[in-house]
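Student: Residue numbers (our numbering), protein chains in the order written: chain L, 1 to 242; chain X, 1 to 327.
Hints are supplied without guarantee of correctness; some may be wrong.
[What the hints assert, rightly or not] Here are the simulated lysine to aspartate or glutamate pairs, EDC-like style, with alpha carbons at most 16 Å apart:
#1 L:K47 with X:E93
#2 L:K29 with X:D49
#3 X:K299 with X:D37
#4 X:K272 with X:D100
#5 X:K296 with X:D37
#6 L:K110 with L:E169
#7 L:K29 with X:D44
#8 X:K209 with X:E21
#9 X:K97 with X:E83
#10 X:K272 with X:E295
#11 L:K110 with X:E64
#12 L:K29 with L:E227
[Stated by the list, open to error] Among chain X residues calculated to face chain L with C-beta under 10 Å, some are:
#13 R54
#14 E64
#15 T66
#16 Q67
#17 A88
#18 A89
#19 P90
#20 R135
#21 H143
#22 P182
#23 S238
#24 L247
Just so you know, the hints here were simulated from the structure itself, not pulled from any lab data. Here the structure is a predicted model, which means the values were calculated and not measured. All C-beta atoms, glycine included, are put in the ideal place defined by N, C-alpha and C.
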Amino acid sequence: MTVLDITRPSPASAITSFLYRVDGSASWKVGTAHIIASVSGPIEVNKRDELPDVATLEIVVRPDVGVTSTREQFLQDRIRRVVAPVIALELHPRTLIQIVVQIVQSGDNKILNTISLSASINATYMALLDAGVPLRSTVSATSIIYYTTATSDASKTNVLVDPTRAQLEQIEKDITSVHTIAYELKGGKIERLLLSESVGSFTEDQVFECYDTAANICEETNRTMREAITKGVQQKSRWREA
Amino acid sequence: MPRDLTPSTIENTFVLKALTERTRLDSRSFNQLRDLDISFSSTDYGVVDVKLGRTRVIARISAEITQPYADRPYDGLFIISTEISPMAAPTFEAGRKSEDELVISRIIEKSIRRSGALDTEALCIISGEKCWAIRADVHFLDHDGGLMDAACIAVSAGLLHFRRPDITIVGVGSRREVILHPITERVPVPLAVLHVPICVTFSFFDVRKASAAIAGLPGKDNMKEADDDDVEEENDSSTTVLVDATLQEELLRHGYMSVTANTNREICQIQKGGDMPVEVGKLLSCAEAAIMVAEKVTKLINKRLKEDEARRNVGNLLVEARAENDR
Chain L
1 MTVLDITRPS PASAITSFLY RVDGSASWKV GTAHIIASVS GPIEVNKRDE
51 LPDVATLEIV VRPDVGVTST REQFLQDRIR RVVAPVIALE LHPRTLIQIV
101 VQIVQSGDNK ILNTISLSAS INATYMALLD AGVPLRSTVS ATSIIYYTTA
151 TSDASKTNVL VDPTRAQLEQ IEKDITSVHT IAYELKGGKI ERLLLSESVG
201 SFTEDQVFEC YDTAANICEE TNRTMREAIT KGVQQKSRWR EA
Chain X
1 MPRDLTPSTI ENTFVLKALT ERTRLDSRSF NQLRDLDISF SSTDYGVVDV
51 KLGRTRVIAR ISAEITQPYA DRPYDGLFII STEISPMAAP TFEAGRKSED
101 ELVISRIIEK SIRRSGALDT EALCIISGEK CWAIRADVHF LDHDGGLMDA
151 ACIAVSAGLL HFRRPDITIV GVGSRREVIL HPITERVPVP LAVLHVPICV
201 TFSFFDVRKA SAAIAGLPGK DNMKEADDDD VEEENDSSTT VLVDATLQEE
251 LLRHGYMSVT ANTNREICQI QKGGDMPVEV GKLLSCAEAA IMVAEKVTKL
301 INKRLKEDEA RRNVGNLLVE ARAENDR
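Looking at chain L on its own, in the form it has when it is part of the complex:
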């Protein structure tokens, strides 16, 4: 499979541990998207939501503007699919792990959800790490968009990874397919595919091409996360040096 040579348009940046009332918090910025995720847990659960052998996982997604709609329900469902297998829920039965994802700036246009989704997954994962929830492996996600250009070679497709809103607006009418991909990583290397959401019209080759591109991007994202966590831990442990 060919691996596309993509230069990532904008680097991602992350901050952790900035909220005081929750156990873990993370802010993920990529392109024009800015997502803040918080994790509280394991904490006390309502009797009716209690599960006897595993922790209950509650994920709340709040939009940047407007009332909560089916879009947030979709995001919540996809985030759950990625994150639930990675958390060791069986270690904390009859408790609640509460995740809140606040979209500050979505980075998407009106019809797409891909950038909010991939950024939310990354933010959620970092918040889980910050909260010290037991996890089985590392997760990272990315968005890949295929679009045609109005050049003489009309069949040529181009690719954007984690685009900014300005870039999205430019290519809006020419988007052919949109892919959100999340991988599980161990030791900084791709292990398993956790999420593959593809919308639009695309070939089988394009999908596999996507998986390979996403693999490289996700490994890079993993490195970014590592740096952010290292910085966070150094910050928290600075009392040791005194």
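Given chain L's structure and the hints, the job is docking chain X onto it.
Tutor: Using the frame of chain L, we list chain X on its own:
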């Protein structure tokens, strides 16, 4: 219950004892606000991040074109949403309005919407057909008391910062069309903000009640003598007033009053709650104090707005776009 915010008895008595000794836990004076930080997004208009001590709130202002209400054809719409998510504190349940939320929502409504901070008539495009609907969404990220105050500052600052797309109406009569100009084509237009409401919350503590709570603890002889002589002469000394309470102080207060004021020395709204009667002189001086806080905070908002404009306006391009003459 770990999801309950109620602090322990030890914490309560410590805070109250400190108050009887004229000390706050963060060593602020009784009428001092916490560190206030206001920052705007460098990419989007109308995104404000407000930090009041540890309390953190983000407001997002957005605009949409819609049809006005049938009974108000000359007015646009202005909606404020203040839903609190479990991110602010795990005690808040997603999808269920807590009592605090109702109070905050009502006070923000009165402070900003009902006081006419935003001129809704200026939002009319074609009367009876099209108007702007301005939406303010407040996201509460961290709860350390003063959610109302932070939210009010955030929305006020957001309304001043936000720019809506410019529009042109072409054609006449029933064939009129509204052209919406994207921000890349035409410089966006600020909203008509008539005044800047700033909310300040005062927390009341009944010193006698507080002393009674501490009485019976070991070491009470070390405590300052409650002003038994003074109580009969001046009622004032039995009421302690704190400005901008932290969450801990909020949970312990016996009463509160929220005053929203602006730099025109106008009071936009007053709400007094809790179970404690407070004598009038104290309340009036609180209102005075609120006006001073409003002036300070408005000055800070304007300062940050200027800094943000300077950052965006690199090369003075916006100056070229303005048609105003220098006066």
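Student: What are the numbers of the hints the structure violates, in ascending order?
Tutor: 10, 15, 16, 23
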